[in-house]
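Student: Next come the chains, spelled out residue by residue.
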Amino acid sequence: MKSRVLIVLIAFVIMPVVLFPVLSHAINLTGESNTYLQFRQATTDQSRLIPLYEYLNFRLDDIADNKISFHYGGWGKVDLDDRSYGRNVDADLQYAYMSFKSDKNNIILNFGRLIVTDGGDAEKIDGVYARTDLKYGFSVSAYAGHPVEEILNGVGSDSILGGRLSYQIPSLLTLGVSGLKETGGSDPREEVGADLWLRPIKSIDITGRSTYNAVTDGWMEHAYHISMGPYSNFRFSTEASWINYRDYFTAATVAVFNFMPGVLNPAEKLRLLGEEVSYSINDNISVSADYKNYGYNIQGSANYFGGKVSYAVPGSGGAGFTAHRMDGQTDSLRYSEFRVYGFKKFGKTDLTLDLLDIDYDRRLNGVKNAYSASLIGGFNITDKLRVAADVDYYHNPVYNHDFRTLLHLICKFDTSAGGGGGGTEAK
Amino acid sequence: MKRMKIMTLTILCLMFIIGVYACADTNSLTKVHPTEIKELSEAVCSACHEDDRASMDHKEGWINKHGFYAGQRKQVCSLCHEDSFCSECHANKPGLIPSDMHKDKPDNFYPHRGDYLTQHMIDGRVNPAPCMKCHGRQNNSICRTCHK
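From first to last, the protein sequence lines are chains A and B. The first sequence begins at 1 in this note's numbering and counts up by one. The second sequence begins at 1 in this note's numbering and counts up by one.
Where hints are given, some of them may not hold.
[Stated by the list, open to error] In the BS3-like style, the derived pairs of lysine-lysine whose C-alpha atoms are separated by at most 25 Å in a straight line are:
| no. | chain 1 | residue 1 | chain 2 | residue 2 |
| --- | --- | --- | --- | --- |
| 1 | A | Lys-181 | B | Lys-31 |
| 2 | B | Lys-31 | A | Lys-412 |
| 3 | B | Lys-93 | A | Lys-308 |
| 4 | A | Lys-135 | B | Lys-74 |
| 5 | A | Lys-269 | B | Lys-133 |
| 6 | A | Lys-104 | B | Lys-93 |
By construction, these hints were calculated from the structure, which means they are not laboratory data.
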C-alpha cells in the first residue's frame, strides 16, 4: 500500500514537469519545500523516534493563457532511528490536480486529488469538481469521485457525489443549499445543508450553516456566528451552535466517535453559546475577553472564559498573554490555562518563546501543573531560504520530563520556463 | 464503478449545458491577490475593501468561522492561500501536528499546542464536534493506537 502511494506521489510530481514544457509556451513554477527533522520519544512505548519529514507543495501555471494550472501537495517521512520498527516510512498525497479557470463566469474545472469545500466541511476526493456563475445571481457547483478516507474494520466507500446551488445579492446575502451522498461502504453518508452569509448593515455579518443527516433522519448541526464592528475600535463576535451527537457522529470511521460506553452518548445534545469582545488600543495593541457556555442534555454544563492581550508590529515582532478558566461540573473540567508568547526579529535572525501552563484543580495522574516551554531560533539565509531550530520541554500527566527538538529548513522557489526551447530562469 | 462514471459524465455534460445557456457573463475573480500579505496581523481585508470582502478580516473569531467562508467562497481564500495551507490542519493522514510545523508563529494560535495528549481528553469531552471535522473520517489512524 505504501509503495503504491509512493508511486502515485512520484508520478504526480514528474508528470506535469515533463508534460507542461512540451504543451505550453511558458510556465511558472512556484512552491515551497519544508524539511523537518524531529527528535522525540514515542507516546506509546517511549521508544526514540527521529522522523525526517519532507513537505513539498508547488503550483505550475501560466499555461494556455493563464487558464490551466497544476497544483501539488504531499509529504514523505522516514524514521532515521533503526530501533523504532526498522525504517518507518510513510507518505501522503494531500492534493494533486489540474485546474481550468475561465476569464468569465468564474468557471472552474478541477480534476485529480482535490479538497472540496462546498458549503459544508472539507471533503477530499479523487475525482472532478466544477462550478460556474449563472444568471440572476445564482451559481452552481458539483463534484464526484472516490472519497479519500481512513476506514476502520469496514469497507470504504466507492463513490462520493455532491453539489451546491447558491444565490447571491452582492455585499448583502449569499444563500446556499448543498448535498452529498457517499455510497458503497460500511459507513454511508447522505447529508443536505443550507449555508448563509448575510450583511444587513456595513458592520454586521451573519454566517452559518445547518446540516441534516438523511441516514439518521435528524439535524446534525446548526452553527451560526455574528460579527459586529469595528465600533470605535470595538469588535464583537457571537457564536451559537447546536449539535445532536447521534446524527453528527454516526458516520465516523474511528471507534472513539462510535458511541463507546463512557465516551460518547448518542442521546447527548450540545448547545454552545459564546461571545468575544475585543478592543484595539492602537494599530499594534489589542485586548479581548471571551466567554463560552457549554450546555448538555445529559452531562452537566461548563463555562470557559478568559482574556487576551496581544501586541504585534508587522515585520518586527510581537507578544501576547492569555488567561482562561474552564469551570465545569466534573473534575477534569476544572482548570486554569495560561499562555505567554513573544517573538522578535533581529535583522536576519529571529527568536520566539512560547510558554503554556495548565493548572488542574485536581491532580491528573499525580500532576497538578502541566506546562510546556518552547524556544525557537530562526535565520533567514536569503529571502527564500530559512533555517530554524526549536527546543521544547514538557511536564504533564503523561510525561514527567520530555525534551523534543525540531530542525526546520524552508526553501521557497519561483522559476519560469519560456516556450520554444527556452531555458529555465530563476527569478 | 460503471455507475459512478456515468454519473460523473452526466454532471460534466450538465455543467457544460448550464455553462453555455445560463452563464452570467460576469468577470472571473483574479487568481492571486495583487499585494502580498505576509503576516496574520496584516490580513485586515476591511482596510482596503468596503464590500463583502470586508467581512473577511482575520481578527478575533476568524478561526471559528473560517470554515463558512471556505465553504462559500474558496476562490477568495485561494487568492492568498494554496491548498497546502488547508492541508496542514485538514490532513488525510497524520504527519506533523500544525503547531509543530509553525512554532515560530505563536500568534497564529495553531491547534494542539503544548501537551495535547492530556488536553485532547478534556477538549473531546467538552465539545467533540471540532475533533470530528479533521479526525472523523480522515487522519484518524493515530487515534486508533488507543481507541481501538
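Student: Which of the listed hints are broken here?
Tutor: Violated: hints 1, 3 and 6.
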